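**Q** All chains should be built: construct the whole structure from the sequences, respecting the hints.
In case you want the letters, here they are:
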Amino acid sequence: MSESFESSRRDLLAGAAAFAAATLAPGVVLYANAATTGPVSDKARWGILIDANRCDATCDGCVKACAEEFGVTSFDRPATDPQWIRKLTVSDPATGVTRSFPVMCQHCKHPPCVDVCPTGASFVRADGIVLVDRHLCIGCRYCMMACPYKARSFVHEDIKDQKSFAPRGKGTVESCTMCVHRIDDGRKPACVEACSTTGHAAMLFGDLNDPNSEIAKRVAAVTTTQIRADLRTDPAIRYQGI
Amino acid sequence: MSTSSSSHGHAAHGFHVLAGRSPWSWAFLIFLGLFAALGGLAALYMEHNGHWVTGMNNQVPWGLPHVCAVFLIVASTGALNIASLGSVFSKDDYKPLGRLSALSAMAVQAGGLCILLLDLGRSDRLIVAMTNYNFTSIFALNIILYNGFFAIVTTYLYIMMEPKLEPFYHPVAFSAFIWRLIVTTGTGSIFGLMVSRTAYHSAIMAPMFISMSFSFGLAIFLVILTFLRGGSGRPMASPQLQRRLLVLLACFIAVSLYMVVMHHVTSVYSAERRDFERFILFDGGIFPALLWVGFGLIGSVLPLLVLLVPFPAVGAAARLFIASLGVIAGGIALMYVIIVGGESFPIDLFPGKIVSSSFFDGVVGTYSPSVPEVFLALGGFALVGLIVTVGMWVLEVLPDRQSGG
Numbered sequence: 412m413s414e415s416f417e418s419s420r421r422d423l424l425a426g427a428a429a430f431a432a433a434t435l436a437p438g439v440v441l442y443a444n445a446a447t448t449g450p451v452s453d454k455a456r457w458g459i460l461i462d463a464n465r466c467d468a469t470c471d472g473c474v475k476a477c478a479e480e481f482g483v484t485s486f487d488r489p490a491t492d493p494q495w496i497r498k499l500t501v502s503d504p505a506t507g508v509t510r511s512f513p514v515m516c517q518h519c520k521h522p523p524c525v526d527v528c529p530t531g532a533s534f535v536r537a538d539g540i541v542l543v544d545r546h547l548c549i550g551c552r553y554c555m556m557a558c559p560y561k562a563r564s565f566v567h568e569d570i571k572d573q574k575s576f577a578p579r580g581k582g583t584v585e586s587c588t589m590c591v592h593r594i595d596d597g598r599k600p601a602c603v604e605a606c607s608t609t610g611h612a613a614m615l616f617g618d619l620n621d622p623n624s625e626i627a628k629r630v631a632a633v634t635t636t637q638i639r640a641d642l643r644t645d646p647a648i649r650y651q652g653i
Numbered sequence: 122m123s124t125s126s127s128s129h130g131h132a133a134h135g136f137h138v139l140a141g142r143s144p145w146s147w148a149f150l151i152f153l154g155l156f157a158a159l160g161g162l163a164a165l166y167m168e169h170n171g172h173w174v175t176g177m178n179n180q181v182p183w184g185l186p187h188v189c190a191v192f193l194i195v196a197s198t199g200a201l202n203i204a205s206l207g208s209v210f211s212k213d214d215y216k217p218l219g220r221l222s223a224l225s226a227m228a229v230q231a232g233g234l235c236i237l238l239l240d241l242g243r244s245d246r247l248i249v250a251m252t253n254y255n256f257t258s259i260f261a262l263n264i265i266l267y268n269g270f271f272a273i274v275t276t277y278l279y280i281m282m283e284p285k286l287e288p289f290y291h292p293v294a295f296s297a298f299i300w301r302l303i304v305t306t307g308t309g310s311i312f313g314l315m316v317s318r319t320a321y322h323s324a325i326m327a328p329m330f331i332s333m334s335f336s337f338g339l340a341i342f343l344v345i346l347t348f349l350r351g352g353s354g355r356p357m358a359s360p361q362l363q364r365r366l367l368v369l370l371a372c373f374i375a376v377s378l379y380m381v382v383m384h385h386v387t388s389v390y391s392a393e394r395r396d397f398e399r400f401i402l403f404d405g406g407i408f409p410a411l412l413w414v415g416f417g418l419i420g421s422v423l424p425l426l427v428l429l430v431p432f433p434a435v436g437a438a439a440r441l442f443i444a445s446l447g448v449i450a451g452g453i454a455l456m457y458v459i460i461v462g463g464e465s466f467p468i469d470l471f472p473g474k475i476v477s478s479s480f481f482d483g484v485v486g487t488y489s490p491s492v493p494e495v496f497l498a499l500g501g502f503a504l505v506g507l508i509v510t511v512g513m514w515v516l517e518v519l520p521d522r523q524s525g526g
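Top to bottom, those sequences are chains X and F. Under this note's numbering, think of the first position of the first sequence as 412, with each following residue one higher. Under this note's numbering, think of the first position of the second sequence as 122, with each following residue one higher.
Just so you know, these hints were derived from the structure itself, not from any lab. On a predicted model such as this, the values are computed, not experimentally measured, just so you know. Fair warning: there could be bad hints in the mix.
[What the hints assert, rightly or not] One side of the interface only, derived from the structure: several residues of chain F facing chain X at Cβ under 7 Å:
1) 171
2) 242
3) 250
4) 315
5) 316
6) 403
Using N, Cα and C, we set each Cβ at its ideal position, and we do this for glycine too.
**A** Here it is as C-alpha cells:
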C-alpha cells in the first residue's frame with residue numbers, strides 16, 4: 412500500500428518536473444536567442460536599397476533564400492500560399508520600359524498595419540523593423556486589408572518544419588521580418604546575402620541612420636524612391652531605377 | 122401568460138411573454154437551432170483545416186462571413202430605431218414596441234459578432250482581443266463599442282421593464298441612441314480609415330453606414346414583427362402605425378440610396394479612382410450586377426415603389442414585409458460589393474503602371490464563397506432568431522395591445 416503510494420508520488424513529481432521543463436524550455440530558448448548585438452534601440456534604422464537596374468528579371472535568388480531561411484513552402488495552392496517576398500514586374504504603358512525587382516514588407520516608419528491591428532500584435536521595433544507577435548495575433552486579417560504593399564500573408568494551413576527563430580502558425584498573419592534574427596546576430600538578411608551570391612548585388616542592407624554606412628552614402632548620392640511615397644508611410648526599403 | 126405594465130410615456134402599456142409553446146414553435150426553434158449548430162460545425166471545420174478550405178485567400182482575406190457579420194452589426198443598431206423613436210423622439214405610438222426593439226438589436230448584434238469571431242484565424246484567442254487593446258485601431262475601439270452597446274441596451278431594456286427606474290428612462294434612452302450612432306460610425310470607419318485601397322478611405326463611409334443601419338435595421342425588425350404576427354395571428358402594429366412605418370422605411374431607404382450614389386459620384390470625379398469605379402459599376406462581373414440589380418433595384422427602387430405607391434389589393438403589413446425582404450437582400454448585396462468588391466480590385470503599388478507577379482499583383486482577386494462559409498453566415502442569422510425567440514419566451518417584451526392602436 413505504502414509502496415504504491417510512494418510510486419504514485421514519484422510519478423506525480425516526475426510529471427510535474429516534465430511539465431515545468433516543457434513550460435520553461437521555450438523561454439530558455441528565447442533567452443538564448445536574444446540579440447547578441449546589444450539592446451535594440453532607435454539609434455539604428457535598418458533598411459535595404461534595391462537597385463532595379465541590377466536586378467535580373469530571370470533571377471529569383473532572393474525569393475528562394477527567404478523561403479529556405481523561414482521554411483515558407485508552397486502547398487501548390489497559389490492563392491493561399493504565403494509569400495514573404497516576391498518579384499514584381501512593372502512596366503510603363505506609355506514608354507514600354509519594364510523593370511523587375513523584389514517587393515516585401517517595406518518596414519514603414521508609419522505602418523498602416525500597426526495602426527489597424529486591434530491587439531497590438533503588429534508592432535514596430537525601436538530599430539524600425541515591423542514584426543508580428545504570433546502570440547497576440549488573432550487572425551483578423553485587418554492588417555492585410557490595410558497594407559498598401561500587399562506584403563502580408565495569412566497562414567491558411569498547418570505549418571511543418573518550423574524554424575525556432577521564427578515561429579509561424581496556422582490562423583495568424585505573417586510577413587518579412589527583415590531577418591531580424593540575423594540582424595541581431597550582426598548578419599545580413601538572407602535575401603540580401605543571396606542577391607550578392609548570385610553576383611547581381613542589387614540589394615544593399617545597412618543602417619539608414621548611420622551617415623558612414625554604405626546604404627546611407629548611396630541614398631545621399633543617388634535618386635532613390637519609396638513605393639507609394641505619396642502615402643507618407645516612409646518605408647525603410649528604398650528603390651533605385653524604378 | 123405573465124404580464125406587467127409600465128407607465129413610460131403618456132399611456133400605461135401591458136406586456137407579456139410569448140405564449141403558446143406549440144409543437145410548431147418548438148419545430149421553428151429546432152430548425153433555427155439546427156442552422157446555428159451547422160454554423161458552429163462549419164467554424165470548427167474551418168478552424169481545424171485552416172482557411173484554405175474557404176474561398177478566402179491572400180488577395181481576398183475577407184469573404185462572405187465578413188459580409189454577413191458586418192451587415193448584421195450595421196443592422197443591429199438600426200433595429201433599435203423603434204425604441205429610440207418612442208423614447209428619444211417621444212413618438213408614443215412606438216413605445217409598446219420599444220422592449221422588443223431593444224431585444225432585437227442585441228440579438229442581431231450577437232449574431233453578427235458570432236460570425237465575425239468564428240471567422241478569425243484564431244477564434245480561441247478571444248481573451249487576447251478582450252485584454253490587449255491598441256487604441257489607434259478602430260477594430261479595438263469597436264470591441265469596446267460593441268461591448269458598450271450590449272451594456273447600454275441591456276440597461277435600457279431593464280429600465281423599460283422596471284417602473285421603479287423610470288427617472289433613468291430618458292437619460293439611458295438618449296445614451297443608447299448616441300451610442301448606436303457611435304457604434305455604426307466605428308463600423309463604417311473600418312473601411313473609411315483604410316488608406317491602402319482605392320475602394321475605401323472616405324469620410325462618407327461612417328455616415329453612409331449609419332444611413333444603411335437605419336434601413337437595414339428597421340427592415341429586420343419588421344420581418345421579426347411579421348413572423349410574430351404569423352405566429353400569433355394578431356398584428357403587432359395598428360393599421361395607423363403601419364402606414365407611418367411605410368413612410369419611415371421609405372425615408373431610410375431613400376437616404377441610404379442617396380449616400381451610396383454620392384459616394385460613387387464623388388469617386389468617379391477623381392481620376393485616381395476612376396478605374397475602380399469602372400470596375401465596380403460596369404466591368405467587374407458580379408459586382409456591378411449586385412450593385413445595380415441587388416442594391417439598386419431589389420434593395421431600393423422596388424421597395425420604395427412597394428412602400429409609396431398605393432396598392433389597394435395589398436395590405437400595409439404585407440407591403441412592409443415585402444419591402445423589408447428587398448431591403449435585407451439588397452443590403453447584403455451592397456455589403457458584398459463594398460467588402461469583396463473593394464478587396465478584389467488590385468492594390469495599386471505603382472499607379473498608372475502595369476504590374477504582375479506570382480502573388481497576383483495587378484490581377485483582380487477571385488473569390489467564391491465555400492459551403493462552410495455559407496453555413497457559418499446562415500448560422501449567425503439563425504442565432505439572431507434563436508435569441509429573439511427565447512428572449513420573448515422569458516422576457517415580457519410583447520405589448521398586450523396593438524402598438525399605435
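**Q** With reference to the structure, classify each hint as holding or not holding.
**A** Now the hints, each set against the structure:
For residue 171 of chain F, the shortest C-beta to C-beta distance to chain X is roughly 4 Å, which falls under 7 Å, so the interface hint holds. Because the closest C-beta pair between residue 242 of chain F and chain X is about 2 Å apart, less than 7 Å, the hint holds. The criterion of a C-beta within 7 Å of any C-beta in chain X is met by residue 250 of chain F, whose closest approach is roughly 5 Å, and the hint holds. Annotation: residue 315 of chain F was flagged as interfacial toward chain X, and the flag holds, the nearest CB pair being 5 Å apart, inside 7 Å.
Because the smallest distance between the Cβ of residue 316 of chain F and any Cβ of chain X comes to about 6 Å, under 7 Å, the interface hint for this residue holds. Because the closest C-beta pair between residue 403 of chain F and chain X is about 21 Å apart, greater than 7 Å, the hint is violated.
When each numbered hint is compared with the structure, a violation occurs for hint 6 only.
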